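Dock chain B against the given chain A, drawing on the hints supplied.
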Amino acid sequence: MDSVAKRRKRTMAVFATLFVILFIFMVLDLAQAFIPLTFEEAFWALLGRGTETHQIIIWKMNFPRVIMAILVGAGLGIAGAVMQALFRNPMASPYILGLSSGASLGAAIGLTFTVTWMPQMLLVPLLAFVSCMATLFLVYYISNVGGRVPTETLLLAGIAVGSLLSALVSLLTYLAGEQMQGIVYWTMGNLTNSNWENIMVVAPLIFAGSLIMVSSSRDLNAMMLGDAHALDLGVEVKKVRLQLLIASALVTAAAVAFVGVIGFVGLVVPHILRILIGPDNRALLPASIVGGAAFLMMCDYISRVIAPNIGILPIGIITALIGAPYFIYLLRRRRSEVGWD
Amino acid sequence: MLTVEGISFSYREKPVLQDVDLEVRKGEIIGILGPNGCGKTTLLKLLNRNLRPQKGRVLMEGVDLEEMSKRKIARQIAVVPQSNEIRFAFTVRDIVTMGRMPFLSQFQGESHDDMRIVEEAMEKTSIKEFADRLISNMSGGERQRVIIARALAQRPEIILLDEPTLHLDINHQFEVLDLVKRLSQEEGLTVVIVSHDLPMVVKYCDRMVLIHDHRIHALGTPQEVLTPDNMRAVFNIDAVLEHDTVLNAPAVKIIGSCNRR
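Respectively, the protein sequence lines represent chains A and B.
The opening residue of the first sequence carries number 234 in the numbering used here; numbering runs sequentially from there.
The opening residue of the second sequence carries number 464 in the numbering used here; numbering runs sequentially from there.
This is chain A alone, in the form it adopts within the complex (with noise of 0.2 angstroms):
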């Protein structure tokens, strides 16, 4: 029993550090202004003290930005963390596999063309669930070799219809006249846009996603171990399959729908927290909701810090140089030596 106790002992502390380290870069970015505040001054904002210029930055400048940080971060973590284990495949993740890049296409169409019978915030991420399923069953479709999902083929079978959807987002852009400042917006993400009524859209989305996976964790597990098995332990694998799947489509959806495409953290953040605590998704699954929107806050602080009061330096460039170091690392890397075999 020893041993249980004390994963669980890790697993705690894991967590709070993640809780630590998103509360730490949250107050960092909510400082982050054409004035900087120092990290008491937006402390103490946050509390509702300290001058109204404080509470103005704070509350109505910059909250909605870290509010978005928190729930796409959340979102892209979570799924990520649930692709892996849907494919038992390390390189698995929402980036990777070019879902965000369909969820993007659908949203780009969302924005470009208006429609009467329905409001544009509905509308884009209506468009981005949409397409991200359908880029989903084309990726899951073109690397399926007899019921099996080599990794080769699914990370190609992913790069090469997200470049694919990419190039068509970038193109549409391009013709609805938003130059090139469009192009990058979509391609390597931008949060300094967010207001709350995205949020109100984003939010409800991301909950419902993340609870689905959550709920089925325990049977994730099972499946790990492969289709066989979980059935035997009476899994109804094919349902759980699909929930979960329609579940990462909507997840990425609302995560791109706003803010675009912003790549490497369902890939980086569950990876590094399952070397941490182990497999079991009751634990990775809830760790990788806080530690992409800790990963993300700090991200979004770095664009800030390298490029102060201007904002906008796009965050995917960050999450970017962080994460695709790390994607060639483990490619390099036998996978046992992360946590995998």
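Take these hints with a grain of salt, some might be off.
[Unchecked claim] Below 30 angstroms or equal to it, Euclidean Cα-Cα: the simulated BS3-like pairs (lysine-lysine) are:
no., chain 1, residue 1, chain 2, residue 2
1, A, K472, B, K518
2, A, K242, B, K591
3, A, K472, B, K477
Derived by calculation from the structure, the hints in this document are not laboratory data.
All values derive from a computational prediction rather than experimental measurement.
Chain B in isolation, oriented as in the chain A frame:
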């Protein structure tokens, strides 16, 4: 206990089993034997509804499996599958604890009772000493025992074993089957073993089924089933059934292939 009624199953157009009837009796060890590819693993998968027959039905204590959820079936039927390669860093205890899944709702954690059952299952299979080791670092024989422990943690009435001796060294083959026999005697478990390893399995079975050409070729005690004629027809070997006086069990003496001359 388990009744198979007129089952037919085919993969796409290719028939695998045709009009199979079988009654698995409570507390017995029954072996399903036949050459590779004869459909015996398919039959096993039909027994806990991992596959659904195109014709016929399977009843557990009179209830059609089609009327039960997979969860409910898993509360009574446990499986030790053929391939048990597990690539994830789960500990042995994690894997055995999964045996409690059919009894827990989505957000319900394992109770002390559940964990007691898990510890008991690990004791019975003598794997408690490496409960905290990673499953991915274990040998095939050890993994087999872990999966048997997981099956026991389901507290099943029936346990289905698919080729339990495959990939195992000969000493581990005996170890695993001895364990199964002991559990069947001590716990009154009903055991169904699928195997192509005739000489090995015959020592442990109360009854056996020979499958040949998609059908049940013979059914009964080893003495009734393993006649020279049947072994020639099904396995294409010349063999006789003898009595092993040391083990006090039947033993197959294989003379050679029918085409050896």
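Tested hints:
no., hint, verdict
1, A:K472 x B:K518, "24 angstroms, holds"
2, A:K242 x B:K591, "22 angstroms, holds"
3, A:K472 x B:K477, "27 angstroms, holds"
Of the hints listed earlier, there is not a single one the structure fails to meet.
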